[in-house]
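Taken in sequence, the protein lines are chains A and B.
Going by my numbering, the first residue of the first sequence is number 1, and it counts up by one from there.
Going by my numbering, the first residue of the second sequence is number 1001, and it counts up by one from there.
Read the hints as simulated data drawn from the structure, not as lab findings.
Idealized CB from N, CA, C, for every residue including glycine.
Do not rely on the hints blindly, as some may be mistaken.
[What the hints assert, rightly or not] These stretches of chain A come out as covered by chain B in the derived footprint (C-beta under 8 Å, 3 or more residues):
(1) 60 to 72
(2) 128 to 141
(3) 177 to 184
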Amino acid sequence: MSRLAAVIESLAVIGPGLPDWPAARAVLAGEQPYAAAPAAVPAPALLPPNERRRSGLAVKIALAAGASALAAGRRDAADIETVFASSSADGDTCHAICEQLAGSERLISPTRFHNSVHNAPSGYWSIATRCMAPSTSVCGYDASFGAGLLEACALLHAHRAPVLLVAYDAPYPEPLLAKRPVADAFGVALLLAPEAGPGALARLEVAATPAAPMVLEDAALEGLRRTIPSARSLPLLRLLAGGAAGAAVLEYLDGYSLAVSVAPCA
Amino acid sequence: MRPLQLSHLTLTTCLGRGLEATAGALQRRESGLARRAFETAVLDTCIGEVEGVDAVRLAPALAAWDCRNNRLAELGLAQDGFAEAVRAAAVRLGEARIGVFLGTSTSGILQTEQAYRRRDPASGALPADFDYAHTHNTYSVSGYVRARLALAGPAWTVSTACSSSAKVFGTAARMIGAGLIDAAVVGGVDSLCLTTLYGFNSLELLAREPCRPWDRARSGLSIGEAAAFALLEPLPAAGTADAIALHGVGESSDAHHMSAPHPEGLGARRSIESALAAAGLQPADIDYVNLHGTATPSNDSAEDRAVTEVFGSRTPCSSTKGATGHTLGAAGAVEAVIAALALRHGFIPGGAHTVEPDPALRAQYTLQSRAAPLRRVLSNSFGFGGSNCSLVLGRR
């Protein structure tokens, strides 16, 4: 069974009660108690003002997480391949289109239509960062984080160049929310590189395993992990928060989990 | 990249079910586009509807996945012995060693569009029988195909609009190259729905008559639906001489606009050039280019610029969207399979419905289908968000 290796250069987290990586790191390392609070998603500074107003929560959290991870590193976004992973991209746009199609007029706005594609955050990201490098957008329903992690690590293995992974979710509004409950918005971004440079956070290895996925002891954090697809990353983030070598099993597909291990860069 | 063999192939479009029907129709330059009603749509346009999708029944154990998109997937899997070939590979390699990577743009959203017409008048709730996870969610088609083929390896959907099911070939190549899997089911499935019909209508990109790629009078696209699949495996060192292989994948981003291509075709050019580099080939090595060729005025002119800057004006090119319609998230896989058919049968498909190539476009546009011994073929797929992907297929 082969293992995929990467170096994590920097990362970002935005989620309920976890406003940024420094705060999330302290909570996940057990230095601070978790305090529940709705996810506070900053306006995407990358976008021009008119698009900033029009962009939905999914685009906002994806761009904010990606930009924050890059700001913590030393790379130019214009050169970096990207992988965007999400269970459902922009739920508000989807809801608005379905409502209009159920009405008599069926007038969809052109902007709304192009914002409905799963790769809308990728499109806005590449425009904002002037990045012409490849970008992909993947979906695995509840398994979307694992899908993104595998896609990003395989891309790194093939191209031997840095990859930015952005996994994000934004809940649908009602009535879709009742059919697809997602607790809150969440975004996590990992800047991966093939070799450890100065300031790199950790070495990462990923492999498939039939082992059962790990649950978190903290009930509130475990609640996030279970109810937001991109928060399936939390056991990995907790390892990174600890700063020491360690291993975890991330939930991916039934019977197909991901064994991740991290070690400090020497 | 190390070449991969397309061990088994199939596709189902408005041209017909399976490889033989498709190859024949393309050689005869037929089109499956027609002015016909779909669901409750009231639009003055032609569509490429696959016959008999509504009559498909999923196995009882898989009933939760039932929606038009997964019925179309099932219809596609049943052609050319494809499902049986994958099962044989699963027995040989192990269920967990075969990945499933499929492209779609709208998955089973038609199910949600219809559910929104049946909301509870008092609460606004969607009907109890509506199953979001198994139908509408973008992963649904990959989850269905993985369950239907009883596979147990990694799976996800790539959803980058109209480049989706070209990019899955790259995903599969990287996952096989990294040793995580030994083979992959790749492909694309996208089915007719109101979101895309009314969405492209809102952008004023729908043609009234069947679409005419590269024509001086082209006026927009015709939407189609399709299911196309390939089983990818490493190319054996000593295999059959007529094996069709994936030699290169190139990807890029336009970084220009959400729904309009870069006017100079910069992203497209970068995608084509990186596919050639991955294949270790020069432009002159390509015998035929299957264009993205949607028939919108701006898409075709941007692509013409990219193609002619790389290949000049002598490499034969055509778009098969006049025959199949634009099958959106399935288009990349449909056209990869068409490229494989062109290689296998030795022909260049003529561009159906195109009457007079636009004199402002410089690519060598092929109007009539003709026999041609092909060795290497390039296929382009470009999508919203500026997502570009080019594939190089060829004989070993």
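Practice task
List in ascending order the numbers of the hints, as given earlier, that are violated by the structure.
Solution key: Number 1 only.
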